[in-house]
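One letter stands for each residue in the lines below.
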Amino acid sequence: RKEVEQDPGPFNVPEGATVAFNCTYSNSASQSFFWYRQDCRKEPKLLMSVYSSGNEDGRFTAQLNRASQYISLLIRDSKLSDSATYLCVVVPGAGSYQLTFGKGTKLSVIP
Amino acid sequence: GAGVSQSPSNKVTEKGKDVELRCDPISGHTALYWYRQSLGQGLEFLIYFQGNSAPDKSGLPSDRFSAERTGGSVSTLTIQRTQQEDSAVYLCASSISGGIYEQYFGPGTRLTVT
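So the protein sequences, as listed, match chains V and C.
Here the numbering used here is used: the first residue of the first sequence is 1, the next is one more, and so on.
Here the numbering used here is used: the first residue of the second sequence is 112, the next is one more, and so on.
One should not assume that every hint holds.
Claimed, not checked - One side of the interface only, derived from the structure: several residues of chain V facing chain C at Cβ under 7 angstroms:
no., residue
1, K2
2, E3
3, S32
4, C40
5, P44
6, M48
7, V91
8, Q98
9, F101
10, G102
These are calculated hints, taken from the structure and not from any lab test.
Quick reminder that beta carbons are idealized off the backbone N, C-alpha and C, glycines included.
Throw the hints in and build the complete structure from the sequences for me.
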């Protein structure tokens, strides 16, 4: 099983739709989780951290399920500008500095 | 303020040549990372520098790859005797410290080995 797995997509959704991505991780000792966003031919940028209690930032909601070892990202009211690749990122353990990246899920929001 | 900068933005080289890639991290960031992103692949960790500590080189794919960080700031990734499979985007990132802090990425160097 790969360390961090994501559905590569692409997810093609109309403007205004709600879309959800899941990500699974193999290391049960993983401590920290993030979603990064990467636009085409650009560098990744932090979208949001994922907290155990779940967290929301505007139209974006991140959830963590430690028992099942998966992380989700929900985007409501999709905008054209949300089109990008979303990278699931896991920090393997306490005190670790290495980020393990999934290959990303591509989202295209269509007018 | 200024972000992470990398140079060159693009590099085309012939197989067997050596290349040097440069990264200028955000001022004050003690942690610096190098990653590689091949087409259709996720980011692959290469090396990590934290302050004056010995770097973690565990991600370097072969002894043709090396990196240094001078004065706790600028870093250079060197690839000797380049191979076609080295073709990728090489991304540098810095963070205020190691661990769970946000990593800020540079725009990357697109390396093509012909």
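Now for the hints, and whether the structure bears them out:
1. The beta carbon of K2(V) is not positioned within 7 angstroms of any beta carbon in chain C (closest approach about 9 angstroms), and the interface hint is therefore violated.
2. Interface hint at E3(V): violated, since its Cβ lies 9 angstroms from the closest Cβ of chain C, which is beyond the 7 angstroms cut-off.
3. The interface hint given for S32(V) holds, since its Cβ lies 4 angstroms from the closest Cβ of chain C, which is under the 7 angstroms cut-off.
4. About 12 angstroms separates the beta-carbon of C40(V) from the nearest beta-carbon of chain C, more than 7 angstroms, and the hint is not met.
5. At its closest, the beta carbon of P44(V) sits 5 angstroms from a beta carbon of chain C; the interface hint therefore holds under the 7 angstroms criterion.
6. Taken as an interface hint, M48(V) does not check out: its beta carbon lies about 10 angstroms from the nearest beta carbon of chain C, beyond 7 angstroms.
7. The beta carbon of V91(V) comes within 6 angstroms of a beta carbon in chain C, closer than 7 angstroms, and the hint placing it at the interface holds.
8. With 7 angstroms as the threshold, the beta carbon of Q98(V) comes within range of chain C, its nearest partner Cβ sitting at about 6 angstroms, so the hint holds.
9. Annotation: interface hint on F101(V) holds; nearest CB of chain C at approximately 4 angstroms, less than 7 angstroms.
10. The beta carbon of G102(V) is positioned within 7 angstroms of a beta carbon in chain C (closest approach about 6 angstroms), and the interface hint is therefore held.
Comparing the model with each numbered hint stated earlier shows that hints 1, 2, 4, 6 do not hold.
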